Structures are given as C-alpha cells and as structure tokens.
Amino acid sequence: MDIFGGLLSGFHNVFQPQVLFYCFVGVFIGTLVGVLPGIGPVGAMSILLPSTFGLPPATSIIMLAGIYYGAQYGGSTTSILVNIPGEASSVVTCIDGYQMAKRGRAGPALGISAFGSFIGGTFSIIALMFLVYPLAGVAVKFGPPEFFALMCLAMTVLTYLTSGSVINAVFMVLLGLILGVVGMDPISGMPRFVFGCTTLLDGVGMVPVVMGLFGIAEVLTNLDESQGKVMFQTRVKDLFPNLQDWKRSIGPIWRASVMGFFLGILPGGGAAMSTFLSYTTEKRLSKHPEEFGHGAIEGVAGPETANNAAAGGAFVPLLALGIPPTAIMALLLGALVIHGVTPGPLLLSQHPEIFWGVVASMYIGNVMLLGLNLPLIGMWVKVLKIPYRLLMPLILLCCLIGSYAENESGMSIVIMVIFGVVGYILRKFHFESAPLILAFILGPIMETNFRNSLIMSDGSFAIFVTKPISLILLIISALLFMSTGFSTYRKTKTKVIDESESEG
Amino acid sequence: MRKKSLIGLVLVVAFALCLGLDMAKPVWAQQKFPSRPITIFVTFAPGGISDITARIWARFMEKYLPGATVVVDHKPGGGGVVGYTFVANARPDGYTLLNSGDFFTPILEGTATYKVEDLAVIAQVALNGCVLAVGPDAPWKTFQEFVDYAKKNPGAKWAHQGVGTSVYFRTQNLNKQAGLKLIGVPMKGDSEIISALLGKHVAIGSLSAGMAKAQADAGKLRILFSFDQAKGFGLDPSLPYMATMFPNAPDIEVGLYLVAPKNTPKDVMDILEKTLEKMTKDPEFISETMRINQMVSFVPGKVVMEQRIPKKMELVRSIMKEEGLIK
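So the protein lines, in turn, are chains Y and Z.
So that you can map any letter, position 236 of the first sequence is 1105 in this note's numbering, and since no number is skipped, the others follow by simple counting.
So that you can map any letter, position 57 of the second sequence is 856 in this note's numbering, and since no number is skipped, the others follow by simple counting.
Each hint should be verified, as a subset may be incorrect.
If the Cβ cut is set under 8 Å, some of the chain Y residues that face chain Z in the computed set are [claimed, not checked]:
hint	residue
1	S915
2	P1060
3	L1070
4	G1191
5	L1202
6	V1210
7	P1212
8	A1274
9	N1321
EDC-like, lysine to aspartate or glutamate: derived pairs with alpha carbons at most 20 Å apart [what the hints assert, rightly or not]:
hint	chain 1	residue 1	chain 2	residue 2
10	Z	K950	Y	D1327
11	Z	K999	Y	D1327
12	Z	K987	Y	E1316
13	Y	K1010	Z	D936
14	Z	K1065	Z	D1050
If you are wondering where the hints come from, they were derived from the structure by calculation, not from laboratory data.
Quick caveat: nothing in here was measured; it's all calculated off a predicted structure.
Every residue, glycine too, gets a C-beta built ideally from N, C-alpha and C.
All chains should be modelled from the sequences, with the hints used to inform the complete structure.
Next up, the structure:
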C-alpha cells in the first residue's frame, strides 16, 4: 500500500471546488451543532444525509465526517463559557474550562482548546494513515473481559476528577451507576425501573440528565446568587493563550493525542473515556495538582485534544474493517451503503478514492476548523458580558430545545427539570456532577461486559485474569486505587497529627 | 336597505360555502391521497439497515405513487417499542407509516401498550436475510461440521443481536430443531457480533446477511448457513438453508412490512398496497434490495395479519416460554 501515493491522490481529489465546499459546510455545521447543547452530531448527520444523495460517495462522507469532528471542536465552547457540556466528551472540559472563564481567562481556554483540538485531530489522522491496518487487529482483541477491565480502570480514575472530597465523588459515582440501571436489561431485554413508561425503556437519557445537572442547575444557582450581575466584570485581558500557557499545555497535548487516538479505536465510550483519563493523567503528573478544578489550563488542553484524537481513532475500525465503533460511525457506514459502497476490509482495495479522500479531507477539515474557531473566540468571549437576566433565559431555552429535540418526548423535559433541581441541591452541598455523568455512561457498559464475560466463561471469574489484556488493566486499576487510598490515608494522618500538635 | 340585506345574504352564503368546503376537505383530501408528504418511521437510529431499507422503499414508492413525496424519519428506542407505539397512536390518515419487522415481540414480553390489532400491515415487502457465520480461523468449514461439534460440546457460545430480536428467536428455533445446546451472548448489533467473531470471543454468530457478506468477501468471516434460500439474497447459492437441512421444521421468516395505524381508510390502504405491489415487480428495486442482501417478497397485508403473524407469534411465544422469558 503506497501511503504517500494514496495521500497525494486523495489531496488531488479533495482540492476540487465542490469537495472543498462540502467539506467546509460539514465542519461549519459540525461546529454549530457542537456549540448548541443537546443537539448532537448524530441528529445533524441524519438530517443532512438525504441531501448527500446526489453527490459522489467520497464527497458525502467527507461532509458527514466533517460534521462529526467539527462537533468535537464546538463542544468545548459552551463547556468553557457557561458550564454546559455540548457532548459527553466535553463534560470534563467544564471542570477547569469554566473556572478559567470565571477568572477572565475564557479566551486562552478557548484558544488552547482550538489548538489542542487541531493538534490532536491532525495527529490522529497521521496515525490513522500509517497504523490503520495493524491497529484494526488490536480493536477486535478487546472482548467483554477486556472491556470490563478497562471500565474498572475508568471507574478508578473517576475519583480523580474531583477537586473536593473523594468520598463525595464516590457517592456521585454510585448515584450515576444506579441511574444507569434504569432501562432495558442488556442481557435479557426485560425492562428495569421503567415504571411502565415507554420513554424510559432506553434509560433515563444522557441529554436530559446533562442538560439538567449542568444547564438548569447552573441557571438555578445563579438565580440564587446574583441580582443583575454579569459573569465577571474584570476586563478580558488576553484572547489567546500566552507563552506560559503553551509551556504548560504542550505536554498534556501530546500525551492526550496518543491516549485519545488509541482509546478512540475501541468501541463504546472511547472519546468520553479518553477525556477523563487525560485529565487524571495530567492531574497526577502536574507540579500544581491543587490548581486542577480551579482553572488549570492543562485540564482544558488535555481533554480537548483527547476527544479530537479519539474522533480520528474511531475511523480506524470503520475504514479498515467496516465495523463502526460508535453510533456516529454506524451512520457513516449507512451512508456508504446507501451510496452503493459496502465498507469492509476491502474498502481500501475496491474504493481507494474514498479511503484517501476521507483521510485527505480530514487534514483540510482540521485546518478549516482552526481558521473558523480562532477568530470566533473574540465573539464568544463577548457572550460572557451579556447580563445574567438575558443569558440565563437563553441557556434555559437552549436546554429545553436540546432535550426535547432528541426524542420529541415531554418526558425528557420532565427528567431535565428534575435533574436541574437535583443538580442545584448537589451544588449546594459541594457535590460535583462530572463523576455522576461519567459513571452513568460507563456503568451500563461495565455491567454488560461483566455479564457477557461470565456467560462466555460459563460462570467462572477466572476469565478476567486468564486473558492477558484484561489482567494487565485490572492490575493497573488496583494499583491506582491503592495509591489513591494510600495518599488519602497519609493526608488524613498528617492532618490529624497537625491538629493534635496545634492543640497540644 | 335592500342593498344591505343583499350584501348580508352574499356574506352569509359565502361563509356557508367556506364552512361547507372546509367540511368537505377530508373527502377531497381522501380522493387526492397523497396530498401531503408521507412519512415512514424507522424504529432504529439513522444509518442502520432499517434506515437504508426505508430510504430505498421511499424512493420507489415515489416512483409508483404519482405526486407523492415520501420521507424517512426515526423513532428509535426500546428495541422498536417507541416507534411501534408512536405509529399505533398516530392519526390513521395514511401519512404516518412504519417500516418494521415483527412488532409483536414487545406484546409477548408485556412491555407494549399497544395490541397487534392496533397496527395494520399494508403489505410485506421484503425478507431480511440472516446467516450464521464463524471466524476465518474456525475449524468448521461446513455447517454440518459445526452441528457435529456443537452436539459433542454443549455450551458453545453464539453471539446474537439481543434477546427479543427476530434473529435471536429464529436462531433459537434452529437450536431447538437441531438439538444444539448453544449459549447465547448478547451483543449490540451486527458490528459487535463481527468484532466478537474476529476476536475469537465466541464460536459462531447469527447476524444479518448484508454485514456478513461484506466481511466474507474479504475473507474475514466464513458464512456457514443461511436461514432462507441463499440465492435470492445475493449470497453463495450452495449454502445450506433451513428447508434443506431441516425440511419439516417451522421457521420464523424475518419479514419487513410497511405498516399503518388501524382504522386507516380502506381506499388509502388499497392505494398503498397497490403501490407496494408494483414496486416489488420493478427490476431495479429487486436488485437494490438484493444489494443489501434482502429479498423482495410481496405478501398482501391481509395474508400477513391473518396467517403469517399469528403463526409466528405462536412459535415465538413457545420459545419465550421455554426460556422462561414469559410465564
């Protein structure tokens, strides 16, 4: 397989006015969709799918793919500005991004997020080009036991996401797990905790919960605190990250690119998981871990890079094997089938123009997105100057539209409001919502894989330790868990000693 | 004064005419069916095989129903329940339709708020092809070899799309008929089944013909068995199928229907049924359908509702009882 020849032919095909136009349309719509909370790339892609029927297959995939990775760029905007994640993969960005905005550093946050997304996206395309076939083999090696072990690892690091009490985070994780139980049992298909309500059959729904816990709760909290206040009154000093920011972010960006790409290959919550694995890695490696949760730029640079790298990684199983790892990729697969192209392992040999066209377009798309997002930072920052009495209703409206648009069901709005109140109460008691959301997403995956593993092993738990990948992941989780426990023990011990000494 | 009362009279008559016309509109609308876009709802997320199928049907329906615009919309959730319930409760005017397979499973499970009679099948348009496939390095080259292996090793694992799906019940039916004691591992869709087979996590998988064929052509999977006669679905005609291996066994064909809410006016149903009948004779439609490894198979709605569905329901009910899914 001649990589450079293929890439050149891909660029040649992409540098046509029509193709460039559709690439731009895709990334532009993707950015918009990513910014608007609740309306996700899947919805936009499915609405625009019929409009691609008259186009050649490569062009239509280029546009749809553009929507997908464009949304990863836009998702961070609302996370940083108003603490409302646009996607599951933007939840972690809220933690430090919003704090940075509150300190008048929204511009650098948005900027580093755009640059990080660009670097992550480009890195993942390069890696995709060279590693697509070997890596596809790795993706299928992950069966239920390996996934369960990976989820264990993810659960262990969830507690790092909090800047407050670890016990509170654990409580949130448990709550998230319980919420994840509602819906159809993944193995037997029988409804659980559905109370006869058809809408709950698919679970409580991530979008209403996120809109409620982050959006509505934010509005309620602000109603409580302010009277005609504005987000902050200090002048917004810099619009772009300065040298200091770059020095701190470069490491996280590189680490997150690698992490995001490899995790994106795996089916399931690859993008979301990569964001908080990146966050916790940076927190552990940082010289100032206490800054995390209060506006550490690494906490924005890492996760934002990771989710774009994961978007690139998700193309690996699709292009190499014809197996889509996520619902969005499944939509791209459907689009290919509609155009008469059956994606599978033969895609590269039968339709090289599609493979290389998509790869080449991703380079160009990322450049376009950087060009789109950077100048907009100035505009976005002005949003923060809107007085609360106008901004809050706007947020409320976006949340309402977002949660209703998913299912056209009134139940989603009810759920959103309930969780808005719950989120408000949680904030009053200094509980953080991020671990809850992430446990809510990962819990069902963990359960399904655990039970499937036991089915495969006829009930024996040995399967988790006899499979090498699973064993390694479990050992890492155990080590991480013990080290957290140990350091908390030491901190508490030191505190007790200090207190007794000061009393003595 | 005469002038005024004349104007008044004219106004009243005009008003009455308008009212009359307004009331007559439904009759007119009926005569001019379709006068609005028709929406086919799909019970799964966009991009999946149901979506693709519905879009093909929509295109050809427009061809054979002059003046019609047919669009595809989605109501995913609950394994189809959300979509079925939605259409069962929709206005029966022929503009809200459903593309689905067998919608009676939730009724048997008890999760449905609708009854079989709430949905009126216009016609069966096609059959979905299902196959059994193994990984590329698997030791079985023919289905008979696998059957022998499975009989000697009860408890071999097979991957399926989830308890309650048509493919699941069809394969369980086969298990029963062949006396195989396989243990099912649920997956979320064909993609996961293919991953599981490639990664050697399960022995055999039961999935839709289209996805399997794409992999098989690349040498990544080996298709051992097709439930329906393989030729009509664009598969290798030498594959064994239910009728050859188990001649007297009942089978659960996975029919794909176009469905309307009950009480849709008869002439609307007839127009739609005739459109579908013409569509299924179109050679381009047949080849498009075969390209996604389904087979065109037109069965009038009446036959489906009165014969096919009750028979299938009984078979599925007995399987569910045996598995303890229902009492």
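- Task: Assess, step by step, whether the Cα of K1065/Z is no farther than 20 Å from the Cα of D1050/Z, and give holds or violated.
- Result: Not OK: K1065/Z and D1050/Z at ~31 Å, beyond 20 Å, violated.
- Message: For K1010/Y and D936/Z, compute the direct alpha-carbon distance and say whether it is at most 20 Å.
- Response: holds, 14 Å
- Do the numbers back the hint for S915/Y, that is, is its least Cβ distance to chain Z under 8 Å? Status holds, d = 3 Å.
- Message: Does D1327/Y sit within 20 Å of K999/Z, going by the straight-line distance between their CA atoms?
- Response: Holds. K999/Z to D1327/Y sits at ~16 Å (cutoff 20 Å).
- Task: With a cut-off of 8 Å on the beta carbons, see whether P1060/Y makes it to chain Z.
- Result: Interface hint status for P1060/Y: holds (6 Å vs cutoff 8 Å).
- Item | Interface hint status, L1070/Y versus chain Z (Cβ within 8 Å) | holds, 3 Å
- Verify the interface restraint on N1321/Y: the C-beta must sit less than 8 Å from at least one C-beta of chain Z. OK, holds: N1321/Y within 8 Å of chain Z, min 5 Å.
- Query: Regarding the pair K987/Z and E1316/Y, is the alpha-carbon distance no greater than 20 Å?
  - Reply: Distance ~13 Å between K987/Z and E1316/Y Cα, so the pair holds.
- Holds or violated: is there a CB of chain Z closer than 8 Å to the CB of A1274/Y? violated, 12 Å
- Holds or violated: is the Cβ of V1210/Y closer than 8 Å to a Cβ in chain Z? violated, 10 Å
- Message: For K950/Z and D1327/Y, compute the direct alpha-carbon distance and say whether it is at most 20 Å.
- Response: Answer holds: K950/Z to D1327/Y is near 17 Å, not above 20 Å.
- Item | Interface hint status, L1202/Y versus chain Z (Cβ within 8 Å) | With a closest approach of 6 Å, the L1202/Y hint holds.
Violated hints for the displayed structure, listed by number in ascending order: 6, 8 and 14.
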